[in-house]
Amino acid sequence: MKGRVRLRLEGLGAEKLLNTLWEKGIGVQNLRRSKNRGVELEAAEKDCRAITCIAEEKGFQVTVLNAGRMQKLRMILQKRWGLAVGIVLGAVLCMISMQFVWQVEVLQAGKYAGEVRLFLWEKGIRPGILQKNVDAAKLQEELLWRLPRVKWVWVKKEGTVLSIRLEEGVAAERETAAPGAVVAGQDGILERLTVFSGTPVCKAGDSVKKGQVLILGEEEGPDGEKTLVPARGEAVALVQVQSSVRLPTREMITVPTGRQAERWLFQTPFGVYTFHEEPSFLLSDRQYDRYPLPGVWLPVTVIRETFAECSGEWKERNMEEVFREGQRAAEEALIRAWPAAQNVDKSVKFSMIERGTVSVTAFAVLPMDIAQNGIMP
Amino acid sequence: MGIADMIPAEMKGEKSRVVIWGRQEALVEKHRGLISYETEQILFRVKGGQVYIKGTNLVITSFGVYDAVVQGNITQVQLTEGEG
Numbered sequence: 511m512k513g514r515v516r517l518r519l520e521g522l523g524a525e526k527l528l529n530t531l532w533e534k535g536i537g538v539q540n541l542r543r544s545k546n547r548g549v550e551l552e553a554a555e556k557d558c559r560a561i562t563c564i565a566e567e568k569g570f571q572v573t574v575l576n577a578g579r580m581q582k583l584r585m586i587l588q589k590r591w592g593l594a595v596g597i598v599l600g601a602v603l604c605m606i607s608m609q610f611v612w613q614v615e616v617l618q619a620g621k622y623a624g625e626v627r628l629f630l631w632e633k634g635i636r637p638g639i640l641q642k643n644v645d646a647a648k649l650q651e652e653l654l655w656r657l658p659r660v661k662w663v664w665v666k667k668e669g670t671v672l673s674i675r676l677e678e679g680v681a682a683e684r685e686t687a688a689p690g691a692v693v694a695g696q697d698g699i700l701e702r703l704t705v706f707s708g709t710p711v712c713k714a715g716d717s718v719k720k721g722q723v724l725i726l727g728e729e730e731g732p733d734g735e736k737t738l739v740p741a742r743g744e745a746v747a748l749v750q751v752q753s754s755v756r757l758p759t760r761e762m763i764t765v766p767t768g769r770q771a772e773r774w775l776f777q778t779p780f781g782v783y784t785f786h787e788e789p790s791f792l793l794s795d796r797q798y799d800r801y802p803l804p805g806v807w808l809p810v811t812v813i814r815e816t817f818a819e820c821s822g823e824w825k826e827r828n829m830e831e832v833f834r835e836g837q838r839a840a841e842e843a844l845i846r847a848w849p850a851a852q853n854v855d856k857s858v859k860f861s862m863i864e865r866g867t868v869s870v871t872a873f874a875v876l877p878m879d880i881a882q883n884g885i886m887p
Numbered sequence: 275m276g277i278a279d280m281i282p283a284e285m286k287g288e289k290s291r292v293v294i295w296g297r298q299e300a301l302v303e304k305h306r307g308l309i310s311y312e313t314e315q316i317l318f319r320v321k322g323g324q325v326y327i328k329g330t331n332l333v334i335t336s337f338g339v340y341d342a343v344v345q346g347n348i349t350q351v352q353l354t355e356g357e358g
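Chain order of the listed sequences is Z and V.
In terms of the working numbering, the first sequence is residues 511 to 887.
In terms of the working numbering, the second sequence is residues 275 to 358.
In case anyone wonders, no lab produced these hints; they're calculated from the structure.
C-beta atoms are modelled at their ideal positions from N, C-alpha and C, and glycine is treated no differently.
Some hints could be false.
[Stated by the list, open to error] Label-pair ranges, simulated between beta-carbon atoms: (1) V339(V) - Q588(Z): 36 to 44 Å; (2) S607(Z) - I309(V): 58 to 66 Å; (3) K589(Z) - E303(V): 33 to 41 Å.
[Said to hold, decoys possible] From chain V, some residues computed to sit far from chain Z (all C-beta separations above 10 Å): (4) Q298; (5) G322; (6) Q350.
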C-alpha cells in the first residue's frame, strides 16, 4: 500500500467519473461500490490530486480512507496553502523561541533562594535571554564560589527552562534565619517589583506609603506549606523629591554721606592686630588694601581699612526677578541633592512664609529603588 | 507469409478479448470504458459492442487504460453487439 491511497467518491454517475479517469489515462484498482451511490477505489498517490480535482469538478465528495497521517496532511496542505504557510511560520517561530530561556527556576534553595535570584539578576539571567548566552557550567562554578556554605549547585538547561538546584551543606537554620519583609522606604508609585525571595503583596502601578510591606517574608512550597524566608527584592518606584530655598524680597540700598575714616591692621600668622579703634559709623562701606612688608621673611601683611559712612534704605525687590532667582536656586539645590533630577521635568512652587522672605521649592519625580530589606512585618 | 501475418491478431487490431479464470476472475482487454457498475453486474464498452458480466460481490480489482480485471462470484459473461 505504500505510495497508494484509498479514496471514497460519493456522488451520482460514478461510471462517468471512472470513464473520465480512464480517458485521462488514470488507472485505479480495487474498485467497489459503496453506499450513497459512490465507489471506493485505490489509486497511486501521484494521481490522488488529479482524481480529487476531477471528482470535485463533477460534484463528488472525496474522502481519503487509508492514507497515512503524513499523506493526509500533505493532501490537506495542498488544498489549503494558507494553512501550510501558517504551519511553516509556526514551526519557524517555534524553532526561534526554542533558542531562548523562557523560565528560570530556583529549586531547593531554601534560605539561599533570594541570594541565588539576586545573583542571576546581576548576571542578567532572566526569562528571554538567548540560550547561547547562558553558560551553565560557568554559572555553576560562580554560584559555588558565591555560596560557600552550599554543598553543591546544579545548573541545567532543559529545553527552554534553566534550573538551578542547591544541595545545602549545612542544614538550613530556618528558625534562626532572620525572616522579614521588604517595605517601602519612601512614598511612591511602584513601577517595577522584582522579587528575589518572598511573596509580593504589591504590583506595578500601586501607590505605596513609606513603611508599607511590599514583599512578605514567606514562600509557599509546591505542597502548599508556607516557609518563612528573608524577603529580598528590588522595588523601583516613582518618588517625588524636593528641595527648598529662601530669599529676601527686600534689599538695602546704600548712599555715601561723604564722611570717611581709615585704620591700619597687621595680619600675621598668629592673628590680626591694630592700634586704632573702629570708627563709630552705623553703616559704612569698607575697602581693604593689602601691602606685604618688604624685607620681612615672616608672612606679615599691612592692611589699610577704609570706612565710607553710608545711609541705608530698604527697598522692595522686583518680585518677578526674585521668583526667577528663587526658581534657579531651588532647581540647583535639587540637582545637587538628586543629580538624576537634571534630566527630568521639574516643577516649582512659591510661597511667602513671612514678610520680606519667600520660600521656593523645586519638585521632580524620579525612579528609584525604595525597597528596604529584612524588616520584620 | 508477410511480417504482418506473423503478428498475432490480438496485437494488431483493436478487438477486445475477455479471459475468464474459473468463476472468480475475468479480464477484459482493450475496453473502452464503463457503462454500468453494480456489485451484481458490470457492463464494459468495447469496440463493436458491450461486455456484460453478472455475478455477486463483483469488484473491479484493476481498471486500467487498456484492460480491467473483475473479481467476485461470476455467474455469467455475455458479449453483445452494438454501438461500441
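Evaluated hints:
no.	hint	result
1	V339(V) - Q588(Z): 36 to 44 Å	25 Å, violated
2	S607(Z) - I309(V): 58 to 66 Å	60 Å, holds
3	K589(Z) - E303(V): 33 to 41 Å	37 Å, holds
4	Q298	15 Å, holds
5	G322	18 Å, holds
6	Q350	18 Å, holds
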